[in-house]
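Colleague: We have chain Z already, so just place chains X and G on it with the hints.
Protein chains in written order, with numbering that gives the first Met the number 0: chain Z, 0 to 299; chain X, 0 to 85; chain G, 0 to 400.
Just so you know, these hints were derived from the structure itself, not from any lab.
On a predicted model such as this, the values are computed, not experimentally measured, just so you know.
Every residue gets a Cβ at the ideal spot worked out from N, C-alpha and C, and that includes glycine.
Some hints here could point you the wrong way.
Claimed, not checked - Derived, one-sided and incomplete: chain Z residues facing chain X with beta-carbon distance under 7 Å:
hint, residue
1, Val3
2, Ala17
3, Pro20
4, Cys22
5, Lys57
6, Thr58
7, Ala167
8, His168
9, Ile218
10, Thr227
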Amino acid sequence: MSKVLGLPTSELLLKGNASCPGCGAAITLRHVLKAFGPKTILIIPACCTSVIAGPYPKTAFNVPVLHIAFAASAAAGAGMSEALIAKGRDDVNVVVWAGDGGTVDIGIQALSGAAERGHNMVYICYDNEAYMNTGIQRSGSTPPKAWTTTTPGGNPGFKKDMIGIMFAHRIPYIATLNPAFPHDIINKIKKAKSIQGFKYLHALSPCPPGWRFDSSLTIKVARMAVLTGIWILYEIENGVLRLTGPSKNLLDKKKRLPVREYLKLQGRFAHLSEKDIIEIQEMVDESWMKIADMLESNKR
Amino acid sequence: MSNYFIPPISKPSIGSLGKTGSWRSLYPKLQLDKCTSCGLCWLYCPEGVIEIIDDKPRIDYDFCKGCGICADVCPVKAIEMVREGE
Amino acid sequence: MNEQNNIKMLTGNYAAAYAVKLSRVEVISAYPITPQTPIIEKLSEFVERGELNARFIRVESEHSAMASLIGAASVGARTYTATSAQGLLYMGEVVWWAAGARLPIVMGVVTRALAPPWSIWTDHTDILSFRDSGWIILFASNAQEVLDLTIQAFKIAENEKILLPVAVTWDAFVVSHTLEPVSIPEQRIIDEFLEKKRPQPHALNVDEPFSLGNITFPSDYMELRRSIDRAMKYAKEIIVSVDKEFGEKIGRKYGGLIEEYFINDADILIITLGVIGEEAKEAVDRLRKEDLRVGLIRLRSIRPFPSEILSKYCCDKKLCIVIERSVSFGGGGVILNDVLSTFYRYNVETPTIGYIAGLGGREVSVEDIVGMVSEACGRLKDGKLPNEPLWYGVKIGERYE
Chain Z
0 MSKVLGLPTS ELLLKGNASC PGCGAAITLR HVLKAFGPKT ILIIPACCTS VIAGPYPKTA
60 FNVPVLHIAF AASAAAGAGM SEALIAKGRD DVNVVVWAGD GGTVDIGIQA LSGAAERGHN
120 MVYICYDNEA YMNTGIQRSG STPPKAWTTT TPGGNPGFKK DMIGIMFAHR IPYIATLNPA
180 FPHDIINKIK KAKSIQGFKY LHALSPCPPG WRFDSSLTIK VARMAVLTGI WILYEIENGV
240 LRLTGPSKNL LDKKKRLPVR EYLKLQGRFA HLSEKDIIEI QEMVDESWMK IADMLESNKR
Chain X
0 MSNYFIPPIS KPSIGSLGKT GSWRSLYPKL QLDKCTSCGL CWLYCPEGVI EIIDDKPRID
60 YDFCKGCGIC ADVCPVKAIE MVREGE
Chain G
0 MNEQNNIKML TGNYAAAYAV KLSRVEVISA YPITPQTPII EKLSEFVERG ELNARFIRVE
60 SEHSAMASLI GAASVGARTY TATSAQGLLY MGEVVWWAAG ARLPIVMGVV TRALAPPWSI
120 WTDHTDILSF RDSGWIILFA SNAQEVLDLT IQAFKIAENE KILLPVAVTW DAFVVSHTLE
180 PVSIPEQRII DEFLEKKRPQ PHALNVDEPF SLGNITFPSD YMELRRSIDR AMKYAKEIIV
240 SVDKEFGEKI GRKYGGLIEE YFINDADILI ITLGVIGEEA KEAVDRLRKE DLRVGLIRLR
300 SIRPFPSEIL SKYCCDKKLC IVIERSVSFG GGGVILNDVL STFYRYNVET PTIGYIAGLG
360 GREVSVEDIV GMVSEACGRL KDGKLPNEPL WYGVKIGERY E
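Bound-form chain Z, shown alone (with noise of 0.2 Å):
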């Protein structure tokens, strides 16, 4: 098998697929798919994902694909991953591969319950922050002021905790992931493989229509989110927190860019006034403050 920077070059989402250019879905899934192998089933409810797929009687994919309605990804892993211990065959990767809103909004209820009977099976949520299928409505997951089709004049509401939510499930691993660092995604999918239980990886998937950013800025982005501290790479296996790749370093506040070198990237902030930069900054450093709580409360 050949390799390149250490990973198989062996593409297993195949090109000339229906994904827009620049598309943060389309390498987080290159990546996750890769760092899975060959033996896994991907489980896609309603979302872009289920249209990049392209039409029958051809697929992109390169492994199973089960299509299912939007709310039902996490009950028909579910019931998938049993079907696979009846079977007796435990070499095979269950994995659902959802959007926010099939995860945060219509979804919620069968990830909830999947998660509490704890199915051994890997839940991914790739978080474009808005129904970007439909042509970029707002979510549950959608952040703060940002502009969406239905919040036009910039969104109201907060972004749902989902790995608050997911921590109060008590599942064994829980990890953020970026398309900007796949080598953090490789090694977090290959721990969540090593774990019996059910695993939830939520992704953060910059969307060049949707973010209104040039498509070659997909992964300038999304590094920014990061280096901003907007998005926070970290694991939490079995209640305890640890951060990964560069958030390891960003505690402190001073080694944090300003959140704005991020809102500035995107059309969909454009709109944003000074005030509502403060308080986004301001949100930005409480959730590092609740990071650093956890921190302090693993040492216990």
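Modeller: Below, chains X and G alone, put in the same frame as chain Z:
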């Protein structure tokens, strides 16, 4: 499967949506003499159209959508986004 | 061969649970709803005691009950769940998904009236609202038939020319909770009748990857749907042959798509389904004592609809009376409409009167059925055939309609 049974099954295909190279208005022009073989273009290409052959990138222009990420991440600016036809 | 003498007093629900155990189901999903709960309680007992080697998922909603079975069946497992009324409707989109994905899932539906207002009693409108979905829909009328039909359902669903999900239905409380003597076949015989589940041809597997359910353009969608319709046609033969084979191996057969009772010399045919069919047999006996040549067709299969055999038996009769526990608001009776359209297409000119009775669990007794037959005969004699179905036994003020 008999011809009665037509399930909604799709087979893996390169180019499931056709030759997506036709989408682009800019294409990535390689300047291999500048290339330092860091592999970042291969790493970040959303489409997987970049192969590394003899330590240098080769782009499959049949499917490259011209997003420009490879040009953006290249640390030595060995890739330039050029208008199609130039 | 002959019936084995293992007879237990079982409710319809417990009979279903025994059938699931005998069928060696691999994945069961369960969400409780009255009046289905004893099924899943009994199945939990079997699993806990090690009598049934199944993975049992206590899902958090009916939508997930069906979705989890889709996940399980897509990789080739034999699967079962059960529900009623509101739960069935909550599963809505994923019920259709199971048929579109051609997955041989078997579901028990304890038919129950829809809310509002809340009702826990029997009514067929719930399962019949899925009659267009591609599910094979079969009606049992007593506990023994629930057991036998549930086992047969797996064989029908998994037939490689069908590969459609099957709903086995029975009436709330009257069948689901009523104790009857039920003969439980030996496991050995059922293992011969129902082979171990092999993955269906389109089961997802990592050795030969493909996807199930990609977006499909208008140029291709209709062919996929036509395939479901063709499988339904083929299912008519298989429902009959499976019933026959079950009769040969286990000793009980029911007649396939319909159960017939004294139809050959009948002038008047009652057409009904579910437990009303049991009462109707007694009504036929009573009316024959009064020299009225009545017969009964109990519809066992609603989808596929037994058009050919129904037309064949009804074409030379003087009157057909359809009695159903369902209605299509603003459009007549669900079963009546299927019967009349069948008659029209097959050139059957037999006068037909439809009755809507027993909604929300209202009792349809032998006397009620006798009453309907008498009233229908009266209308025929007076030449007053109604355009719409008649609602039987509905109170208006102090009068009954």
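Colleague: Does each hint hold? Answer for all of them.
Modeller: Structure-based check of each hint:
Satisfaction of the interface hint for Val3 (chain Z) is found here, the shortest Cβ-Cβ separation to chain X being roughly 5 Å, below the 7 Å cut-off. About 5 Å separates the beta-carbon of Ala17 (chain Z) from the nearest beta-carbon of chain X, less than 7 Å, and the hint is met. Against a cut-off of 7 Å between C-beta atoms, the interface hint on Pro20 (chain Z) holds, since the closest Cβ of chain X lies about 4 Å away. The interface hint given for Cys22 (chain Z) holds, since its Cβ lies 5 Å from the closest Cβ of chain X, which is under the 7 Å cut-off.
Contact between Lys57 (chain Z) and chain X, as hinted, is supported at the beta carbon level, the nearest pair being about 4 Å apart and thus within 7 Å. For Thr58 (chain Z), the suggested interface contact is upheld, since its CB lies about 4 Å from the closest CB of chain X, less than 7 Å. Interface hint at Ala167 (chain Z): violated, since its Cβ lies 34 Å from the closest Cβ of chain X, which is beyond the 7 Å cut-off. The closest approach between the C-beta of His168 (chain Z) and any C-beta of chain X is roughly 32 Å, which is over the 7 Å cut-off, so the hint fails.
With its C-beta approaching chain X no nearer than about 5 Å, Ile218 (chain Z) sits inside the 7 Å limit, and its interface hint holds. Look at Thr227 (chain Z): its Cβ only gets to about 18 Å from chain X, farther than 7 Å, so that hint breaks.
In terms of the numbered hints stated before, the structure departs from hints 7, 8, 10, listed from lowest to highest.
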